[in-house]
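S.K.: Sequence:
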Amino acid sequence: MKPLKFFDKVIFFVNSLFATALLLAYLLPYIPPSSFPYLSVLSLTMPVLLVINIAFLIYWVVKLRKHFLLSFLILLLGFNHILSLYKFGAEKYTKQPQDVKLLSYNVRQFNRFNWIEGDSVTNQIINFIEAEKPDVVCLQEYQQRSDVDFDEFQYKYEVLTDKKTRFGQAIYTNYPIVNKGSIGFGTSNNNAIYVDLAVGNDTIRFINIHLESLKIKPKVSEFQEETREKLIGRIDNSFRKQEAQVKKILKNLEACPYRSVISGDMNNSAFSYIYRKLSEGHLDAFKEKGKSFGKTFDFDFIPMRIDAILVDEAFKVRQFNSFPKVKYSDHYPISCVFSLEGKD
Numbered sequence: 184m185k186p187l188k189f190f191d192k193v194i195f196f197v198n199s200l201f202a203t204a205l206l207l208a209y210l211l212p213y214i215p216p217s218s219f220p221y222l223s224v225l226s227l228t229m230p231v232l233l234v235i236n237i238a239f240l241i242y243w244v245v246k247l248r249k250h251f252l253l254s255f256l257i258l259l260l261g262f263n264h265i266l267s268l269y270k271f272g273a274e275k276y277t278k279q280p281q282d283v284k285l286l287s288y289n290v291r292q293f294n295r296f297n298w299i300e301g302d303s304v305t306n307q308i309i310n311f312i313e314a315e316k317p318d319v320v321c322l323q324e325y326q327q328r329s330d331v332d333f334d335e336f337q338y339k340y341e342v343l344t345d346k347k348t349r350f351g352q353a354i355y356t357n358y359p360i361v362n363k364g365s366i367g368f369g370t371s372n373n374n375a376i377y378v379d380l381a382v383g384n385d386t387i388r389f390i391n392i393h394l395e396s397l398k399i400k401p402k403v404s405e406f407q408e409e410t411r412e413k414l415i416g417r418i419d420n421s422f423r424k425q426e427a428q429v430k431k432i433l434k435n436l437e438a439c440p441y442r443s444v445i446s447g448d449m450n451n452s453a454f455s456y457i458y459r460k461l462s463e464g465h466l467d468a469f470k471e472k473g474k475s476f477g478k479t480f481d482f483d484f485i486p487m488r489i490d491a492i493l494v495d496e497a498f499k500v501r502q503f504n505s506f507p508k509v510k511y512s513d514h515y516p517i518s519c520v521f522s523l524e525g526k527d
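For the sequence shown, position 245 (counting from the first letter as 1) is numbered 428 according to our numbering, and the numbering increases by one without interruption.
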């Protein structure tokens, strides 16, 4: 085999840098953000690093060069991460009467400040949720309003972390509420609330989470206007707060006698320490039955998945949907159908 030309040597050097960065990113889910300041920010670049390494792999394969092995082996090592990024379509499923359908949605205060043009956004959100016919609805960035009423649900639990603006979270359901509570994140307006629901002969804890915001705006151009130091510092600070918030959620779960379902706005990716800790003992509904990129946040062309539904591993995920065409917030709603009898 002929030696590499100068241009290809440069390409392989760059390839090596991105392969090393991807390998480092694989380790981040196991490193608490508080242990290595700023390093955890790299987890947000995981989708980009995966795509770049796939591009290098294709480049070397086309050129019939053994150098493809570098990216190939790195990608093979992190194959599970690829499944967190993209899923091929699952088979269609018809919800059965005994199944549970959960819908989670960050509604951005029902367009309180008219981020989206039009006066009917609130009604459109309500109509969408009613049309989906979920058994449980978990809302983040909820605002208590006179024009927001879901009559078809018998039970409701809401917690307002800012009573002046009536901002908080809510859970709607038709299952009887056995117990309920707020985990609380100190002075933060973010929170996690839970309800224990009587589902058939079982009792299940549903936790509605809204972790510390990264304050990412929907436009990449606005994201790029910040200085790198300010941006990284802000995200790192949010990750540290999320770590403390997740500890409180896990403490709640440890004391819970029931199986659980966690859903909501993680404000973090599926490649993070935060996600790994929350998903322990749970199934990511997207990874089980999702399709495509499962995009949940409006960030131009980048498919960000920062909302999740994590179902107790004793249950069986039957269906998962994200709704990127439902543009009534900066987040997209997600839903999951699961059954209680466990895996087939």
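If you are wondering where the hints come from, they were derived from the structure by calculation, not from laboratory data.
Be aware that one or more of the hints could be misleading.
Mimicking DSSO-like on lysine-lysine, the simulated pairs with C-alpha atoms at most 27 Å apart in a straight line are [claimed, not checked]:
| # | residue 1 | residue 2 |
| --- | --- | --- |
| 1 | K316 | K499 |
| 2 | K275 | K246 |
| 3 | K316 | K275 |
| 4 | K474 | K275 |
Pairwise CB distance ranges (calculated) [to be verified]:
| # | residue 1 | residue 2 | range |
| --- | --- | --- | --- |
| 5 | A238 | G364 | 46 to 56 Å |
| 6 | D332 | Y276 | 47 to 57 Å |
| 7 | V193 | E313 | 51 to 61 Å |
| 8 | T370 | R295 | 31 to 41 Å |
| 9 | L187 | Y276 | 43 to 53 Å |
| 10 | N435 | F311 | 23 to 33 Å |
| 11 | E315 | G383 | 40 to 50 Å |
| 12 | K192 | R295 | 50 to 60 Å |
| 13 | S365 | K508 | 50 to 60 Å |
| 14 | K316 | L187 | 54 to 64 Å |
| 15 | D332 | R411 | 38 to 48 Å |
| 16 | K188 | F311 | 48 to 58 Å |
Beta carbons: idealized from backbone N, C-alpha and C, even for Gly.
S.K.: State for each hint whether it applies.
M.R.: Each hint tested on the structure:
1. K316 x K499: Holds: K316 and K499 sit about 20 Å apart, inside 27 Å.
2. K275 x K246: Between K275 and K246 the Cα gap is close to 40 Å, so the pair fails against 27 Å, i.e. violated.
3. K316 x K275: holds, 17 Å
4. K474 x K275: Holds, because 11 Å separates the two Cα atoms, which is no more than 27 Å.
5. A238 x G364: 46 to 56 Å: holds, 48 Å
6. D332 x Y276: 47 to 57 Å: violated, 30 Å
7. V193 x E313: 51 to 61 Å: holds, 57 Å
8. T370 x R295: 31 to 41 Å: Distance hint for T370, R295 is violated at roughly 22 Å.
9. L187 x Y276: 43 to 53 Å: holds, 50 Å
10. N435 x F311: 23 to 33 Å: holds, 30 Å
11. E315 x G383: 40 to 50 Å: violated, 21 Å
12. K192 x R295: 50 to 60 Å: holds, 56 Å
13. S365 x K508: 50 to 60 Å: About 33 Å separates the Cβ atoms of S365 and K508, which means 50 to 60 Å is violated.
14. K316 x L187: 54 to 64 Å: About 59 Å separates the Cβ atoms of K316 and L187, which means 54 to 64 Å holds.
15. D332 x R411: 38 to 48 Å: This hint holds: roughly 45 Å between Cβ atoms.
16. K188 x F311: 48 to 58 Å: Since the Cβ atoms of K188 and F311 sit about 56 Å apart, the hinted range of 48 to 58 Å holds.
When the structure is compared with the earlier hints, violations turn up for hints 2, 6, 8, 11 and 13 and for no others.
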